[in-house]
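**Q** Using the sequences provided together with the hints, build the complete structure.
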Amino acid sequence: MASPPDALLKSPRDRPPENPQDFFEKKIRPILVSHCYECHSSTSKKVKGKLLLDSRAGVLQGGASGAAIVLGEPYNSLLVRAVRYTDKELQMPPAGKLPDAAIADLERWIAVGAPDPRKATAVSPRSSIDLDAARQHWAFQAPTKATLPDVRTETWGRSPVDRFVSAELEENGLDPAPAADRRTLLRRVTFDLTGLPPTPREVAAFVDDTSPDAFSRVVDRLLASPHHGEKWGRHWLDVARYADSSGKDENHACEFAFRYRDYVVDEFNRDTPYDRFVTEQIAGDLLPAATDEERFRLITATGFLQLGPKALAEQDKPKLVMDIADEQLDVISRGMLGLTITCARCHDHKLEPISSRDYYGLAGIFKSTRTMGNFEFVSHWLDRPIAPKERIAEVEAHSKAAEAKKKEIEERTKAADDALVAAWRKDFTSYLLRAAKNLTELTSTEADEKQIDAATKRLAAEHELNAVLLRRFVNLLKNPPEKEDDVLLLRETLAALEAPDDALQKSTRRSDRLLAEVDQAWNDLRARDPKAENLENPAQERRRQIAYGMDGLFAVPKSPREYYSPADRRELAALEEQRDQLEASAPPPLPMAMAVEDGEVADMRMHLRGNHLNLGEEVPRGFPQLISFADAPRIGPTQSGRLELAQWIARPDHPLTSRVMVNRIWQHHLGRGLCRSTDNFGLSGEKPTNQALLDWLAVSFVERDWSIKAMHRVILLSSTYQMSSGYNAEAARADPDNRWHWRFERRRLSAEEIRDTILSVSDNLDPTIGGNLFNYKNHDPHVSFNSRGAVHYDFPRRSIYLPVVRNVLYDVFDLFDFGDALTLNPRRSETTVAPQALYMMNSPAVIDAADRLATALLETTHDDEARIRHLYEKTLARPPTPHEVGRALRALSNWAKIIAEEKESETGIKKTWRTLCHALLASNEFLHLN
Amino acid sequence: MDLNRNRTLTRRELLERTGTGFGAVAFSALLQESGRSAGTPGSAHPGASMAERAPHFAPRAKRIIFLFMHGGPSHVDTFDYKPKLERDHGKPLPFDKPRIEFAQTGNLLKSPWKFRQYGDSGLWVSDLFPNVAQHIDDLCLINSMHTTNVIHGDAVIQLHTGSEVFVRPSMGSWITYGLGTENQNLPGFITLSPSYAHGGVSNFSNAFLPAQHQGTPIGNDKTAIKQAAIRHIQNKVSSRKLQRAQLDFLAESNRAQLETTGPDATLEARIASFELAFRMQAEAPEITDISSESKATADLYGITDPVTEDFGRQCLLARRFSERGVRFVQCSHSYRWDQHGNLRKEHGKNAKEVDKPIAGLLTDLKARGLLNDTLVLWGGEFGRTPTSQGGTDGRDHDPYGYTMWMAGGGIRGGIRYGATDDYGYYAVENKVSVHDLHATMLSLLGLDHERLTYRHAGRDFRLTDVHGRVLDEIIA
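Those sequence lines, one after another, are chains R and W.
Just so we're aligned: 925 in the numbering used here is position 925 of the first sequence, and the numbers increase by one with no gaps anywhere.
Just so we're aligned: 125 in the numbering used here is position 125 of the second sequence, and the numbers increase by one with no gaps anywhere.
Watch out, some of these pointers could steer you wrong.
[Unchecked claim] Straight-line Cα separation of at most 30 Å, BS3-like style, residue types lysine-lysine; simulated pairs:
(1) K88(R) with K319(R)
(2) K317(R) with K431(W)
(3) K241(W) with K48(R)
(4) K911(R) with K241(W)
(5) K319(R) with K414(R)
[Said to hold, decoys possible] Okay, the calculated beta carbon distance ranges per label pair:
(6) P92(W) with T43(R): 44 to 50 Å
(7) A103(W) with K777(R): 24 to 30 Å
(8) K114(W) with P480(R): 47 to 53 Å
(9) N185(W) with P149(R): 51 to 57 Å
(10) D848(R) with D289(W): 26 to 32 Å
(11) L525(R) with A103(W): 17 to 23 Å
Since the hints were derived computationally from the structure, they do not count as laboratory data.
Just so you know, these numbers come straight off a predicted model, no measurement behind them.
All C-beta atoms, glycine included, are put in the ideal place defined by N, C-alpha and C.
**A** So, in structure tokens, the structure goes:
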């Protein structure tokens, strides 16, 4: 064992012991055995921090925090820092500090090279993840296109999708349901592609069109509709946890979030290739742009990274930075990769082949990205201007000038305030004397506050004193301090009221001297420590509060201007006029978008157990080892790595990206994904119900240049999609969850569809696309406090344009499973609870729609049966059966009687028809898609 | 019984299963989440029903009333008496302040209120709570609470859900998930006058638990509870008779449709949901209408005094809902306890508003024999520093040590548990985290916090995550 070089032996203490082995056995081993082995040896029940101290190799390799010792350098050794309790976060042994002598022995041991005769060689394993085994998992292998299976059925659909579905059905002994009727199919596809109901005219046209490509043309028409982007953009917004407020603690309004939402709607209408869409959202700002417009669009796209909820008032700012990076990683990994990566923030993932090292490699990319605009007491996120450079320069120059002017005014005001306080302070004794002399007359027993005010004013005018200040002295003497609190000797002054004049004067001068001492002490203290807030001497501090505290004698009044010197007043007025002129000439504000940009680029050190105060080794920015490509781009030292990450995700040969997206498309059409855990394709996710089909779709997706609209056509034109939702007892028994697609999965309309449809069938929907409806300004913190009045939702616009306020979700969203927008929503739940029924029965919005519908019906025709037919076609996209007409007519006459009995002012016929329209809007058939 | 499989049972099977006819079947269907939940398909979700369920072991409490003092009431001015703070008033704190403070604070500030000893236990309570102090022998003061957040939002969310980082179900949701509800005509979890700030709906959200476990808000912190009602509980245009006739038509149409679709538990549940809503419309206003209560009761809760009226009404409603089998009722004294300045005046006012109503609630619960199996929990999201802020009339947030108290429901009364340091800054003895608090609450309800799990996104979740210790020492 090599001894340390002589240069290191700075004191006799550091000299090597005569017998190193003896030294270890006598001094070191007992410490290790009794204080460390319980948690840090091969025989520990649970090894803590991956650190083993029962072998020399273990000590040298160290644990999660790095090497335990640096040979010859006790003060650079983690072990010494730990036993010395140097850092709050790492204090060992945790039960209590070792005796000083033991610490000295450990230091000496390390200083002399840690001689260690132990034979054991156990070291802690670095990571228990077996990547080779994990890579065998279906989702981590590149998808391939299987040959289409041979199927027996010849009567049913022959599209590739149907072949894969048929194969599974046949294998499970199931038959597909018959085709849905044309009205049902049209209603279904119109909602699926646009989120709106078909008009009676569209229904009729499709029913009458017997050409073989009639449905295909309907699909093309719907895909070309600008409302398509609204429906499918909204699906993506669920992934992007889109909201118009920052959520969490402060919940500030995000005035500019809507630009990202409008961008998403537009992308789906344009059918931007999905690989490009992914890249734009992660690194749009780093892509080349031919025009300003294009550049603004690409900056806006990175709103995807910016939209997450943030604890803006978090005072642990390094933690805030890591929480934000974690949130961004979460939405990317679950949203685009179907992986739950963020569990690895605190430890190697327990269920997935993702190590903590992988995590910090990725986290480094986002730490190198600027998401926050500032880290003030309440931090602000970054909004980026989307305007030409000249416009930005103009606004910046102006705001700089305005800022400078504001500062000048503030400084000038402060100087004037200081002058005022100094002047008042100088007159302390004369005010105290005046207040004392006239105290009795001023505050005679009958006098109320108003009378005292008036009397004080008179007196002040008479003696050329400031009335406000005099009034404060009067107050102070009127409510004399308790004896033990009489730090300014005011009771002495009060006692001298009746005494000869000079006694009174003497007393006030004594108070003045005490105050002068405070002034001196305060000046001295602030010279030493400009941030000091309190004097140490409690009596002096109380004196200071009486004089200068917030409600103290010399506190600057609310509008002090009138007490300033004429010169001060003049100067301030002039400055303010300049400021006003500047404000009047302000250029219009810049359009902004919530976005990110590259920040200070750096690799990160691992955070042990997720704690940013407990750092481990540094990890280069990069991508999870699990999925590596020989030709993956390297992240350069000056790049955050966002662009490289986007490119890594958007590769055609990435095993997850295409699968995850086609699975989402399938889910929105067929009810459940082919892999039902849509945001978890990992080892802990579900096995796909039909992997061959999923893989075929994934490969086709890439082959068709990642066109989402192409995938809609592939799926919608299949017989699988066009099946009826009818019931089949045998199939239901064999496959209750419809995993093999023996029928179409009935679904309830989403929150947005319910509201939009109610507006639409009552002819009250404004189809305008895009724009901002949020009535709160950027960073307004009052969204959830509601003190600025309610957020407005009362627009007849499509629901996608209504503000999504986290923590205070809009009624309809909250009731009908919109989700909370705090985190990615992989799939809306579909619940049935009584509050939904209350909404349908009693909400003014539904009643109002029913009223409009009734009015329209009554105007259209006088024939009751025709009205009923019209109503059914409008709300349910089908005519009523004769039976239904009879039932409706009976109900109408029954209700007419009830209404007549109640003799309300409202005209009976309108109310009767409204009651019928209302019932149709609340009906199961209206609320569900068959 | 695996309710998720209900959905595709035949109609006959549905009828055979209960033998009580269509209504009951549909009703049981209503109480489940639709089979299309985001959970693992086919896996049994015991909490998918609101039917009453047996706890893991014999419970001490059947329900909880949580009196939430939003904003952070000062423990050193209420239930954590610190003689040394009084002695060393004005001196600097003799040890380090925490690494993260919300704001800078100055020197030690003694409590402006006098502390006195009460009851047989002789525990100290300040003059802010003279009425609650009369019940001291029923109270367990937990003086060693601590949490991890200095900001309101995160601390409030953590108190309600156990996690400020992740979206998790609130404690009330976990409790109805674990135990169901005793009254099927009412929600199992009601929150009165909740604030929409600081997490808002997250604080009574079911998150990934089935939707029927969501808390039902009545009013909000901007509305007097007197004016508040369950959303859409009233129809403003139709008489009850007309609405009944309309619902009959609706049910008839829906059933006719069901004939064509074949059995579908979701559709049947929706049919039943309208009937339940109709009954709720009748029952809920009956409970919120307190005119049947005597003048003596109104006086007891302070409802006849404008100062205590609002919180008094909340407390009385809590008793009325508890009596009718609601599992978890939260009353909120919303975001008023945040005295960075103006401590004397505002803390004084706040305490006045709640002291009498809370004492009234405890008296009333006791008189009705309800206190034995009703756990009352009092407290805020954190406490306040023993050091002063902005002069000598304010205190900053102190999550490092603060007080909550419990009463009834199997709690040992007249004791204090744990302690802060000499001045009340840090919890130092028998420290109690929010997870420990949750574990203890569940335990009193007969639920093992390690066994009350819900499978979501590939793993089992708990209210207490991987933490939590049941405070056996405070259980009678």
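**Q** Each hint needs a verdict: does it hold in this structure or not?
**A** The hints, checked one at a time:
Restraint check for K88(R) and K319(R): satisfied, since their Cα atoms lie roughly 16 Å apart, inside the 30 Å limit. Distance restraint check for K317(R) and K431(W): the Cα-Cα separation of roughly 26 Å lies within the 30 Å cut-off, and the hinted pair is therefore satisfied. Proximity of K241(W) to K48(R) is assessed by CA-CA distance (about 70 Å); at most 30 Å being required, the pair is judged violated. Annotation: proposed proximity of K911(R) to K241(W) holds, straight-line Cα distance about 14 Å (limit 30 Å).
About 36 Å separates the Cα atoms of K319(R) and K414(R), which puts this hinted pair outside 30 Å; it is violated. Between P92(W) and T43(R) the C-beta distance comes to about 48 Å, which sits within the given range of 44 to 50 Å. Take A103(W) and K777(R): their Cβ atoms lie about 26 Å apart, and the range 24 to 30 Å holds. The hinted range of 47 to 53 Å is not satisfied by K114(W) and P480(R), whose Cβ atoms lie roughly 21 Å apart.
Judged by the Cβ atoms, the range 51 to 57 Å given for N185(W) and P149(R) holds: they are separated by roughly 53 Å. In this structure, D848(R) and D289(W) meet the distance hint of 26 to 32 Å, their C-beta atoms being roughly 28 Å apart. Range check, L525(R) to A103(W): about 20 Å between beta-carbon atoms, so the 17 to 23 Å window is met.
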